[in-house]
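Chemist: Take a look at the letters that make up each chain.
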Amino acid sequence: MFDLIVILIPLFPLLAVLANGLNVMLGHRYSHEIAHRLGWGSVLLSFLCVLWVFGQTLGHPEPRTVIAYRWFFGGDLAVNLGFLIDPLTCVMMLVVTGVGLLIHVYSVGYMHGEEGFTRFFAYMNLFMVSMLLLVMGNNYAVLFIGWEGVGLCSYLLIGYYYDRVSAAKAATKAFVVNRIGDAGFLIAIFLVFAHFGTLDYTEVFAKADKLDSTTAFAIAVCLLIGAVGKSAQLPLYTWLPDAMEGPTPVSALIHAATMVTAGVYMVVRNHAIYDLTPNALLLVGVIGGATALFAATIGLVQTDIKRVLAYSTVSQLGFMFLACGVGAYAAAIFHLVTHAFFKALLFLSAGSVIHALAGEQDIRKMGGLWNKVPATHWVFLIGTAAIAGFPFLSGWWSKDEILGDAFTHRRYVLWALGAAAAFCTAFYMSRLLYVTFYGQSRVDHEVAHHIHEPSWWMRGPLLVLAALSALGGLIGVIPGGLEHGAFHQFLGPVVSAAAAGASGHQGGLLLPFILMAVTTGIGLAGWFTAHYFYYVKPEQPDLLANRLKGAYALLWNKYWVDELYDRLAVEPSKGAGRLLDRMDTVVVDRAVVAVEQVTDLNAAGSTWFEKYVIYGVINVTGYANHIGARILRQLQTGLVHHYAAILVTGLAVLVNLIVLILWWRGAL
Amino acid sequence: MTEHYLLGVILFAPFVGAAVLATPWVSNRHPLLVRQLAAFFAGISFCASFYLLFAFDWQKGGYQFQQKYVWSEQLGIQFYIGVDGIGVPMVLASSILLFAGVFISWHIKDRTKEFYAFLLILAGATIGVYMSLDLFFLYFFYEMSVIPMYPLLGVWGSHTKGYLETTNADEWERPDAPRFILNFARNSKEYAAMKLTLFLSAGAVVALLGILLIYKASGLNTFEIPVLAEKAHFEGTLATIIWLLCFFGFASIAPLWPLHSWSPVGHAAAPAATSMLHAGVLMKLGHFSIIRTCFQILPDTTRDLMPIAAVLCIFSILYGGYVAYYARDTKYVIGYSSSSHMGYVFLGMAALDYISLSGAILYMFAHALATGMLFAMAGWVYDQTHTRDIPSLGGLVAKMPFVAGCFLVACMASIGMPGTVNFVAEVMIVLGSWAKYPVQTVIAVLGIVLTMAYLFRMMRGVFYGQLSELGHHAHDAEAFVDRVPLLIMIFSSITFGLLPGRMLDVIRSGVNPILARIMEVAPVVTQTGSGLLP
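Protein sequences, first through last, are from chains Y and A. With this note's numbering, you'll find the first sequence wraps up at 668, consecutive numbering, no jumps. With this note's numbering, you'll find the second sequence wraps up at 1534, consecutive numbering, no jumps.
Wrong hints could be hidden among the right ones.
[As the list claims (entries may be wrong)] Each computed BS3-like pair below joins lysine-lysine, with the alpha-carbon atoms no more than 25 angstroms apart:
# : chain 1 : residue 1 : chain 2 : residue 2
1 : Y       : 537       : Y       : 549
2 : A       : 1436      : Y       : 210
3 : Y       : 169       : A       : 1399
[To be verified] A partial selection of chain Y residues facing chain A, derived with a Cβ cut-off under 10 angstroms:
#  : residue
4  : 73
5  : 74
6  : 156
7  : 159
8  : 168
9  : 169
10 : 179
11 : 187
For the record, the hints were derived by calculation from the structure and aren't laboratory data. The structure presented is a predicted model; accordingly, all values stated were derived computationally and were not measured. Ideal Cβ placement from N, Cα and C applies to all residues, glycine included.
Whenever a hint applies, use it, and build me the whole structure from the sequences.
Modeler: Structure (structure tokens):
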């Protein structure tokens, strides 16, 4: 029963993919109505299955393995398509199917009337399948299928509007950058296999402590490369902002709530390996902290509503990596969950703003929307407050915990990076809120007439997500405060080593409260700064930008990282291709001609040899050569009969062969 | 009964088909009849090969479904066919591609019956190599498969473009070529045909020398592979020479860098079905024959000399990848990509590991399907737009959603996306090779990134963006006969990707005895055959 239901979880969306995919390929046999019902209905079914499995796991938190079938093998390698059900998997499955379900429902309204409606749902369901495989797999190979599958779906959905060149480019970029990370991930898998002889998590982690530190470091770093690519961390983050070319529900589901957090999930899943190498762990933390601040600063000046959210996602993922880096795995997953709530909410409400404004994404052409789309405004406000760290909302709990853990683990630099990023986050998110919803309306006239609240398909999920964003953080504190909350209790068995470490460094009773106060103050300070700049004195930002031209240009151009990568990687590759192509035409072809000349010489020699030495053979060979010469002469006639004669040459070769053998054996 | 004749049916159905088509009663005035006949005979092979996969008893292993007829007692030549675990997947791949190829060529109007006759001979000969257990007939079928390529390219091919970036046609001309043989315009199909035939024949002759040396020096008066593998024993320089002759002779069709130059131009000039068969299964004759000769007959030399392949395969992978990234012609991209991917097979073979060799065999099968799909679709696009120049294409997805979807699946298969059989094969190759050649493995993995870069660049250039002028009158593959080959290949790729168990069982039964001999025969420290190399 348990096994069956676990297998059903990814199977429902898969069946929907097959149905919708075939429908697209065979020319739309059924209506959009059926397509979307299949789409979200299948996710609902798997969500229900997940709830059941979650209920079972609450009672028995020990990991359980479910094997679907033996997938591939050879030598002493054996890989199963199997699932590992433990609390971590359950949390991830709940996020994926729960938030996924809401976004699927939202998409029904958002994508209404689009030409590729069915195709959209097929891709989204395929994404659900892949993401579920990613979080459920019991070995690295299944993790990798999911890993690649979500990358593929991301590619397909970013490039959903395929007639837009920018969309096609962004999709390709996302896929290629991800593949660079995947190369690292694959190498990590090889290392794991070389050292453990298996790819199953349970076996690997059981033997992990026997690993020498160099290998552990190598595996950890290679895994990290994969995680950095998928989760858009420095230096492989550049694809995520471009990925906003896709439809907004895609940005919410894939590029905010679920797929991009796969890297965090992977690090947490492999914490047994990371715990062995403090250096690798430190690297994780440094990358996370640096990314958190770096992306947040870029976010300060962007003017595309979705791009601001994209940089914010990069930055928030940085927080999760930071948490992993200080060994606070439970805090990382906690932030992953709350982030899924509020970032999905922000993207979806941004989507409904875009929808209301007929596709406008530039916040300079918005403003004063609060009374035109009040419901959207309220949920966006809640989302902003949650991410900015307004007290008692979900983001406040999780971010506070991360910063507190960084401090108590004596990673003061990481704490400072995180705190600075938190300030920037509060600032740019409030800026986004003020510029979009308050102040003067800068909306184009024609557009302004058609502003409307979205349909209930879209509003329902927004309300649910708003509630989760506001109250979702409580799962981390009820019933016994942080570290004794239900969430941490549940996750405890999986990340036990880290949990022990986290509570080991408590600096008295007072310190947590001081830290909490400090981070809260930082968040509120960011909020008030934005309030001053964009509400009290709206002319101030331009003056400041003029005064700090250099810094502004640096941020506006996103530190010129895209251009740098172009220079460093893309152009040289093309150059190498061109060079090798030349070489092919010049050097190799010369060689062909040379061979030809040598052949001519040889032919002359052989003819002589044949004529005077093997006299008895001459008739046969000569005849064949004669035919061959004729064919060659008449090549350009194009008559097929002549080509057929070449087959005869083949026979002649055979005859030659026999003669040669006979000669060799001394028969001649 | 089936035990006895199954292979004969698979092998001779195409030849019988070719013979029927060649009779004067089948005329080009009834092209539909010609196509149906071709499809019928290809279909027999197709069905029988699927049956073969499931009828093969992998627990028993060894050579099965053997048929043996003495051809010349005195010379020790027998017509001896049979399959082991490495032959089965290749026979299956050949017949899948033949069957798909017949449908892909459905719209060829020029000399239909001759075309199909040559196509059937080509595929039949290829299947022959994969079944031959006698070196003489292995060579016979090998040579026979090269020959139909010449007319297929020369008559039904198309001129190639995009070899160089230059648009000045004069630069393609070769008026100063010293002899008449290659004195064609550089971008003409005749040039391609000639180059291909010359290269492959040259390679075949080198391999033939190796085979004859085996025959002569073994003193067993037989060409029978199982007997030679068991009893023949070569040592010292002789073994090295034989090994090198066989290896490089067969590697030229594989094609191993730097012997690859014929392949992209040949693929580009060939009609779609020919490219499919050629890149799909003909190129793998090289690897397969190397396993049959070098691996099976000269196991200890293989152990000493296989590092050569491990070095060269890296050049293949990167060189092919980079050039593909630069090429403008769709078929060049796919052609170079094929020659790059064949490097992975060499890597898997070179590691001499159970996992990686199984992976290499599976990769041959997987690549046949993936590259077959890519060539089929490139051919379709060419038929519709009359160009293969990527920059002048674009936006075709609006006109041909089905083809674009299939193309995407083919790209995914080609880069080894999980869910396709390529993924399983690729992972097995690199997992197995890691222990012995970590550097090469890392490069190979990076090569996957490169593969993705050029395939997606092509995908984007051809199907996305603004619809180009050339595409205004393009049509999707809507008819049943146009869709069925693509669906067959996609279905096979995904089915074997999700459920590769049966095939891996079969492959394992073939790989294990071969590798066991290589790893066990002769003590570990022998200087055998290392005379030519430090």
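Chemist: Work down the list of hints and note, for each, if the structure agrees.
Modeler: Right, here's what the structure says about each hint:
no., hint, in the structure
1, 537(Y) x 549(Y), "holds (20 angstroms)"
2, 1436(A) x 210(Y), "holds (22 angstroms)"
3, 169(Y) x 1399(A), "holds (20 angstroms)"
4, 73, "holds (6 angstroms)"
5, 74, "holds (4 angstroms)"
6, 156, "holds (8 angstroms)"
7, 159, "holds (7 angstroms)"
8, 168, "holds (4 angstroms)"
9, 169, "holds (7 angstroms)"
10, 179, "holds (5 angstroms)"
11, 187, "holds (6 angstroms)"
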